[in-house]
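Undergrad: Given the sequences, and given the hints that come with them, work out the whole structure.
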Amino acid sequence: MRIRVSIRDKVGKDFRVEEKIRVERLEQTDLERLAKETEKIIRDTITRKITRAGSTGNLAHGFYAHSFTFGSRNGWAVGDINELDKILPYWNHQDKGSEAIGANWRHVLPKGKFINDRWVESEDGYYFVPSKPIPAKNYIAETIQQIESLLPSILK
Numbered sequence: 411m412r413i414r415v416s417i418r419d420k421v422g423k424d425f426r427v428e429e430k431i432r433v434e435r436l437e438q439t440d441l442e443r444l445a446k447e448t449e450k451i452i453r454d455t456i457t458r459k460i461t462r463a464g465s466t467g468n469l470a471h472g473f474y475a476h477s478f479t480f481g482s483r484n485g486w487a488v489g490d491i492n493e494l495d496k497i498l499p500y501w502n503h504q505d506k507g508s509e510a511i512g513a514n515w516r517h518v519l520p521k522g523k524f525i526n527d528r529w530v531e532s533e534d535g536y537y538f539v540p541s542k543p544i545p546a547k548n549y550i551a552e553t554i555q556q557i558e559s560l561l562p563s564i565l566k
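Residue numbers (my numbering): 411 to 566.
Derived DSSO-like pairs (lysine-lysine); straight-line CA-CA distance at most 27 Å:
id, residue 1, residue 2
1, Lys547, Lys496
2, Lys547, Lys450
3, Lys523, Lys496
4, Lys459, Lys506
5, Lys496, Lys542
6, Lys523, Lys459
7, Lys459, Lys446
8, Lys542, Lys459
9, Lys450, Lys496
10, Lys496, Lys446
11, Lys506, Lys446
12, Lys547, Lys506
13, Lys496, Lys521
14, Lys523, Lys542
15, Lys523, Lys547
16, Lys542, Lys521
17, Lys459, Lys496
Read the hints as simulated data drawn from the structure, not as lab findings.
TA: Structure (structure tokens):
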């Protein structure tokens, strides 16, 4: 004996097709909410861990939620590595630390001086060689850890 089951909604459409469309819409809404919450968390984490007086917050604003398309798929991301590398080239040093990324931190900095704990290039300044590498702040790792614990409440 063979039994065949067919599920249709009230107007006679194919349930599987309709349900797939509904799930895809829900997926995009969930991804957007997750990306926006991740944006808030990473910005808060960066702001909390800033140790310099007079920081402008540029690094925190470099991480923003945005949609993107990869082939035929749409998704959401927080931050864009190519953009961060271009606009905020120090982001990776700050996040992972100079030694972790293999940076040459013992190089001679261009002529300048420290202003509000920042090296500012200036002709009337001096040359400087750092005495220690930039320590890791782990903004991204901490954000991922927080998001993983909040995932059930964000997606409910």
